[in-house]
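So the protein lines, in turn, are chains A and B. Just so you know, we're using our numbering here: the first sequence kicks off at 208 and counts up by one. Just so you know, we're using our numbering here: the second sequence kicks off at 208 and counts up by one.
Do not take every clue at face value.
Pairs involving identical chains hold if they fit within one copy or between any two copies, as the list cannot separate such chains.
Claimed, not checked - In silico DSS-like cross-links for lysine-lysine, where the CA-CA straight-line distance does not exceed 25 Å: (1) LYS509 with LYS472; (2) LYS214 with LYS473; (3) LYS466 with LYS509; (4) LYS465 with LYS281.
It is worth saying that the hints were derived from the structure and are not from the lab.
If you want the building blocks of each chain, they are given just below.
2 protein chains.
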Amino acid sequence: MAPVVEKWADEVRAGDVRALSRAITAIENHDANAEPLLRALFPHTGEAYLIGVTGAPGTGKSTLVDRLAANYRKQDEAVGVIAVDPTSPYSGGAILGDRIRMQGHAADAGVFIRSMATRGFLGGLSRTTSEVALLLDAGGKRRILIETVGVGQDEVDIVRLADCVIVVVVPGLGDDIQNMKAGLMEIADIFVVNKSDREDAERVEQQLNAMLSLVMPQHGWHPPVVRTVASESRGVDTLAETIARFREHFASRPERQKKHVEHWKKRLLELLESRLLERVMGGAQGEAQLEELAREVAERRKDPFTAVSEILARSGLGVRGQA
Amino acid sequence: MAPVVEKWADEVRAGDVRALSRAITAIENHDANAEPLLRALFPHTGEAYLIGVTGAPGTGKSTLVDRLAANYRKQDEAVGVIAVDPTSPYSGGAILGDRIRMQGHAADAGVFIRSMATRGFLGGLSRTTSEVALLLDAGGKRRILIETVGVGQDEVDIVRLADCVIVVVVPGLGDDIQNMKAGLMEIADIFVVNKSDREDAERVEQQLNAMLSLVMPQHGWHPPVVRTVASESRGVDTLAETIARFREHFASRPERQKKHVEHWKKRLLELLESRLLERVMGGAQGEAQLEELAREVAERRKDPFTAVSEILARSGLGVRGQA
Chain A
208 MAPVVEKWAD EVRAGDVRAL SRAITAIENH DANAEPLLRA LFPHTGEAYL IGVTGAPGTG
268 KSTLVDRLAA NYRKQDEAVG VIAVDPTSPY SGGAILGDRI RMQGHAADAG VFIRSMATRG
328 FLGGLSRTTS EVALLLDAGG KRRILIETVG VGQDEVDIVR LADCVIVVVV PGLGDDIQNM
388 KAGLMEIADI FVVNKSDRED AERVEQQLNA MLSLVMPQHG WHPPVVRTVA SESRGVDTLA
448 ETIARFREHF ASRPERQKKH VEHWKKRLLE LLESRLLERV MGGAQGEAQL EELAREVAER
508 RKDPFTAVSE ILARSGLGVR GQA
Chain B
208 MAPVVEKWAD EVRAGDVRAL SRAITAIENH DANAEPLLRA LFPHTGEAYL IGVTGAPGTG
268 KSTLVDRLAA NYRKQDEAVG VIAVDPTSPY SGGAILGDRI RMQGHAADAG VFIRSMATRG
328 FLGGLSRTTS EVALLLDAGG KRRILIETVG VGQDEVDIVR LADCVIVVVV PGLGDDIQNM
388 KAGLMEIADI FVVNKSDRED AERVEQQLNA MLSLVMPQHG WHPPVVRTVA SESRGVDTLA
448 ETIARFREHF ASRPERQKKH VEHWKKRLLE LLESRLLERV MGGAQGEAQL EELAREVAER
508 RKDPFTAVSE ILARSGLGVR GQA
């Protein structure tokens with residue numbers, strides 16, 4: 208390993224904020240140093256507990272995550288927050304978000320907050336999130352909160368990185384509980400009814416419990432519903448306790464190992480995917496070739512399958528037993 | 208081309224419902240026949256107008272899409288509907304949904320409805336959606352409605368397949384308009400305020416217009432806001448007219464060609480990705496190898512980068528100038 212990477216890895220492990228920030232940027236930019244750094248840090252990971260928080264826009268996820276982070280800080284746990292917004296094509300909003308959100312924890316080196324929004328030409332936001340979580344893990348953050356908006360597959364993939372998944376709903380979306388997608392119901396370990404000082408809170412909680420009563424408990428755990436008013440920190444202690452209870456419950460379950468293997472199957476596939484794409488399409492030349500072929504296909508001068516066969520052929524990976 | 212594929216292609220082009228259904232299933236299952244069929248049909252595509260409809264759960268997208276389909280049928284346009292729910296890991300709900308939704312159009316061969324929910328082991332729902340749209344296009348459907356839930360990147364990718372993107376909001380999510388993600392604001396060609404008989408409709412429309420007034424018109428088009436009550440078919444005619452107006456506007460713009468090239472760049476990348484993954488990981492052996500490596504990584508006996516290098520090496524694609 209290059210001495211510069213070794214030093215960097217040491218700094219990350221010591222929780223140095225600038226070293227962490229630089230490392231995240233390196234990952235986001237696919238810098239050549241990112242991989243050696245992660246290789247060096249990997250044996251020092253696996254200690255953090257990852258908590259995923261998801262829900263529709265406007266449910267108050269960010270506030271809830273901030274208050275949960277504050278709760279852990281009171282217990283002297285180092286906390287990392289990764290706020291992911293895959294729908295924003297720009298990182299501007301994310302950076303602004305960081306600034307606004309850092310204010311509450313600005314003087315506190317025990318909280319590290321990073322927003323991520325951009326997806327590169329070759330995609331892979333859940334891969335990036337996973338790698339940033341490894342960094343924070345190696346950097347001694349024992350609680351990592353991964354916050355992501357919405358209900359798409361991308362979010363589901365990201366939130367599935369977590370050891371414990373919290374789905375946030377609010378009253379006022381009342382009849383949407385019934386429309387809540389199966390995917391979200393299935394991944395939730397804990398439900399939070401936030402803004403529960405609104406009048407409909409009782410009904411939302413009842414609806415959730417009614418739905419949950421129809422669902423078989425997974426791994427012997429029946430997802431509880433916790434009511435919070437995050438903006439006033441109400442219910443946040445109870446939520447933290449419920450998370451701890453889930454952690455304890457799951458730690459003794461045989462499925463735990465299986466879940467970790469599933470997790471790494473996904474991560475390895477993602478990594479493989481970006482490795483392959485980088486090899487075939489990496490560099491300006493790759494993008495120019497893609498542009499030219501896309502033009503031919505758009506004009507129906509070539510079909511997409513022939514175009515892809517040509518890309519593979521030119522990259523030396525082409526044609527193994529097919530035309 | 209095999210005679211069986213040739214005959215099949217002819218049936219699809221004639222709009223034969225069973226041939227179309229079989230073709231979609233072939234695409235979903237990655238059947239060996241799917242690609243030759245799509246190759247044969249590709250030169251006969253490019254005639255359909257794709258309309259994407261997205262919005263949060265509970266906004267009434269499905270009803271809106273049904274009514275829009277009925278509107279086009281009155282004009283004697285053949286219609287295809289692709290309802291995509293990437294959050295559902297199972298196709299059961301999708302099939303049930305098809306059955307319920309087919310009732311209204313059951314006797315009408317001019318409407319073809321298909322729900323898609325499953326994602327295979329190797330992913331790629333937006334690729335599948337794109338290919339199904341090609342089939343329907345070749346099958347003579349001149350209006351293809353692509354409906355997708357939520358606000359994730361996956362949905363954004365899917366809805367971007369469309370020539371015209373409609374974002375549906377409803378009153379009662381009032382303060383969420385401000386939280387609406389930049390990604391959605393940016394892809395909308397037309398906004399619909401559905402359930403606009405609710406009391407807050409006026410305010411939601413005003414908020415939308417206020418936000419839109421801050422956004423630079425793209426391609427000389429300022430996204431209009433259309434109010435509908437889809438359940439009573441109110442406003443649906445106006446929506447259809449607005450779509451037609453957008454289509455006409457865009458047809459004369461120089462960006463049109465560029466947009467099609469961008470579209471195909473994405474599609475080619477997706478196709479490339481699944482080709483590469485299938486080659487490296489295809490088959491039961493690939494999955495078993497992945498499982499074994501994931502186990503080693505989960506137990507920190509191996510880092511993920513080494514694991515991926517091993518997969519590449521074993522598949523004969525390994526190591527080009529790196530350890």
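Hints, verified against the model:
1. LYS509 with LYS472: between (36 Å within a copy, 13 Å between copies)
2. LYS214 with LYS473: Neither: 30 Å inside a chain and 39 Å across chains, both beyond 25 Å.
3. LYS466 with LYS509: This pair counts as between: shortest inter-copy Cα distance 17 Å, intra-copy 44 Å.
4. LYS465 with LYS281: Neither. Shortest intra-copy (33 Å) and inter-copy (54 Å) distances fail the 25 Å Cα cut-off.
In the structure shown, a violation is registered for the earlier hints numbered 2 and 4, in ascending order.
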